[in-house]
Amino acid sequence: MRRIGIPKALMYYRFFPLWSAFFRELGCEVVISDPVGKGFLGRQSVAYFEDSCLPMKLMVAHCLDLVEKVDTLFVPRLISIHRKYIMCPKFRGVPDIIKLATGGQAEVMDEPFDFRLGNDPWGAFSRAIGQRLGWRSREILAASRGALRVQAKFEKDLVRRVNGLAIRDIFNLERPTPEATSPAGNLDVALIGHPYNLYDVDVGKDVIGMARELGCRIAIADSLDGYEIDKKVSTLSKEIYWSSGREIIGAALIFLARDDINGVVFLSSFKCGIDALLQEYLKRVFKGQRESIIPFLTLSLDEHTTVQGMATRLEAFVDICRDGKRKDAR
Amino acid sequence: MKVTFPHLGTMHIFCKAIAETAGIDYIVPPKTSKRTLTLGVKHSNECICLPFKIILGNFIEALELGADTIVMVGSGPPCRLGLYDLVQKVILEDLGLHYRWLTIPPRLDWPALLKNRDETRELKKELSLKNITTFPYALWIGWKKMMACERLEKLALRVRAREVITGRTEKMLQKALAGLDKAKTGRAIERAIIEGEKILGSVDQDRGRQPLRVAIVGELYTVMDPQINRGVERKLGEMGVEVTRTSWFSSHILRSLGVGRENRRERLRYYRASLQYLGYDVGAECNVSIGETILRAKDGYDGVVHLMPFACMPETTASGILDRVSRDLGFPVLTLILDEQENEGRITTLLEAFVDMLMWRRQRFH
Ligand code: SF4
Ligand code: SF4
Chain A
1 MRRIGIPKAL
11 MYYRFFPLWS
21 AFFRELGCEV
31 VISDPVGKGF
41 LGRQSVAYFE
51 DSCLPMKLMV
61 AHCLDLVEKV
71 DTLFVPRLIS
81 IHRKYIMCPK
91 FRGVPDIIKL
101 ATGGQAEVMD
111 EPFDFRLGND
121 PWGAFSRAIG
131 QRLGWRSREI
141 LAASRGALRV
151 QAKFEKDLVR
161 RVNGLAIRDI
171 FNLERPTPEA
181 TSPAGNLDVA
191 LIGHPYNLYD
201 VDVGKDVIGM
211 ARELGCRIAI
221 ADSLDGYEID
231 KKVSTLSKEI
241 YWSSGREIIG
251 AALIFLARDD
261 INGVVFLSSF
271 KCGIDALLQE
281 YLKRVFKGQR
291 ESIIPFLTLS
301 LDEHTTVQGM
311 ATRLEAFVDI
321 CRDGKRKDAR
Chain B
1 MKVTFPHLGT
11 MHIFCKAIAE
21 TAGIDYIVPP
31 KTSKRTLTLG
41 VKHSNECICL
51 PFKIILGNFI
61 EALELGADTI
71 VMVGSGPPCR
81 LGLYDLVQKV
91 ILEDLGLHYR
101 WLTIPPRLDW
111 PALLKNRDET
121 RELKKELSLK
131 NITTFPYALW
141 IGWKKMMACE
151 RLEKLALRVR
161 AREVITGRTE
171 KMLQKALAGL
181 DKAKTGRAIE
191 RAIIEGEKIL
201 GSVDQDRGRQ
211 PLRVAIVGEL
221 YTVMDPQINR
231 GVERKLGEMG
241 VEVTRTSWFS
251 SHILRSLGVG
261 RENRRERLRY
271 YRASLQYLGY
281 DVGAECNVSI
291 GETILRAKDG
301 YDGVVHLMPF
311 ACMPETTASG
321 ILDRVSRDLG
331 FPVLTLILDE
341 QENEGRITTL
351 LEAFVDMLMW
361 RRQRFH
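Keeping their order, the protein sequence lines are chains A and B.
Going left to right, the first sequence walks through residues 1 to 330 as the numbering used here numbers them.
Going left to right, the second sequence walks through residues 1 to 366 as the numbering used here numbers them.
A few of these clues could be false.
[What the hints assert, rightly or not] With a cut-off of at most 30 Å between alpha-carbon atoms, the simulated DSS-like pairs for lysine-lysine come out as follows: (1) LYS182/B to LYS171/B; (2) LYS42/B to LYS238/A; (3) LYS171/B to LYS238/A.
Since the hints were made in silico from the structure, they are not lab data.
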């Protein structure tokens, strides 16, 4: 059986269900990398993305972890995952950097994925991969349709998983989605940011868990209507062309206008070009609308961020949100 | 109405020429200084591109001087350049500054025009018929001046590497550019070029010297603006290095307009060369940085200096790959990451060490 390695980094935190279901359907064994934890920076490996954001560095570390355990590394070249908008330009060079870093120890599957092209971009992408693995069109089609269903179900369940499962289980497909969330929390806090900032413990230090512990119910951009987000963002003076950027700005603007949200936390990666720019924008938008009293917190994440430090800031923030909520009720 | 524009490289010379010729009031932002940078830094954060901060500082200073209309050339995906204006606008508004913002879209298409519709309507009220009718001529004058600036700057690159008295070329270049700045008509510009070439020619040169040859690659504003790169070009020149670069205002304008055969062919050549290491167009100058390095190595250059602002997205990718290119080809590449805290001493030291190494290599291998 062919072993396909999927690094647990970057867009794993959005497409893992889709990718893994597809490969399993085609009879491959899917191997996922282990969490890298502390100390990965010491390794010479990271040199290739030395000056990059943490999520990119982690990508290299995860691939190096996998390279000896698999035949093929799945590192698609993600150009765009949206009909009109694109990914961060760094994603375009990822397979090349991985090839250099792993030095040809494993085959790298670097098929480009550009959702702006053609009628059926996922179909074309899955066909290219399936054919590379030696399957025929019919089997590939069945597998890719099945995988889409898995992904759709996962996305529908995501909010419940975020609120009901421990962070390491959110993307563990063997864990069933809990039934409707227990109404444990009494505060509604929205978390926005790139998915890997939210769900990767090595980046976000489990902010989700911390917030839940503090009695928060978590709202995420995925719980909003994508169309609504898009419409909101299009009212700005300039079209934002990164899909992740649109999601962040749009979700922030929508959450800002809602009374059932008590606070918004933006998880940004240090040295992330997109976050750095959007952060300045959001900061001023929230400042301008102070009357609405929705506290806004930006947490900047890098390899030196400590769990302790994050917890302290989050606690203080949650206190502020609680105060705001009490005032509202009065 | 008083228009203003960023103060990058020699851009103010030709932007000013356009406004002047069309009879539009303008304010040239004060030369980029410590204060400019401090202003830019204060109102943004450390991971925002250095060019963004300098341009923001320019605008704040120009608005303080009474400018009320900002003209900025827009850009598009995939990099941050295309969204500078979105964020700079909210920052300026937050500072309580009043201005009108005109983005010249990189491509004239419907969505771009629609987004600019209100601004255009406003603008029509302010401009007289004369302003509008002379505008094409003004653009032509601006273009001519830009080409003239570049011609003089390119000449200075050659002279500087051979000058006998260090610093002389720079002085003469400034004098030549000042003369050009004053020229008002097409013919006057021609005269200013001849005059400028004469001025630069008067610099004492050591004609027998065989200077090292180094190409500067990297993010375009960083390569083109001496304030952003802390005078890397001049420093290298004064260490006796003949510098080459492919980033000029003309080359980038031609590219965004999609014209200029020669220019396009050169870019394509670099792009093709980069494909060996980078399987896709990453955007901005990333591929060119890599491709140009590879081809410069083949052309017998002594080394490449790669410039990138701190946290620059495409150039971060480029620097990782350049590291490998340099090892594979045995070709010296120096990557300089520029940020706001830069002290000039560090850059000078790094460049000196790099040039010493190049010298040593040349003596050993030739
Ligand atoms: S979007 Fe930001 S965090 Fe993600 S890869 Fe790009 S620069 Fe890094
Ligand atoms: S190329 Fe670098 S400096 Fe230029 S906009 Fe992009 S990130 Fe900023």
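A quick look at each hint next to the structure:
Note on LYS182/B and LYS171/B: the hinted pairing holds, with a Cα-Cα distance of about 17 Å set against a maximum of 30 Å. Among the hinted pairs, LYS42/B with LYS238/A is consistent with the structure: their alpha-carbon atoms are about 24 Å apart, no more than 30 Å. The straight-line distance between the Cα atoms of LYS171/B and LYS238/A is roughly 42 Å, outside the 30 Å bound, and the hint therefore fails.
The structure does not agree with numbered hint 3 stated previously, though it agrees with all others.
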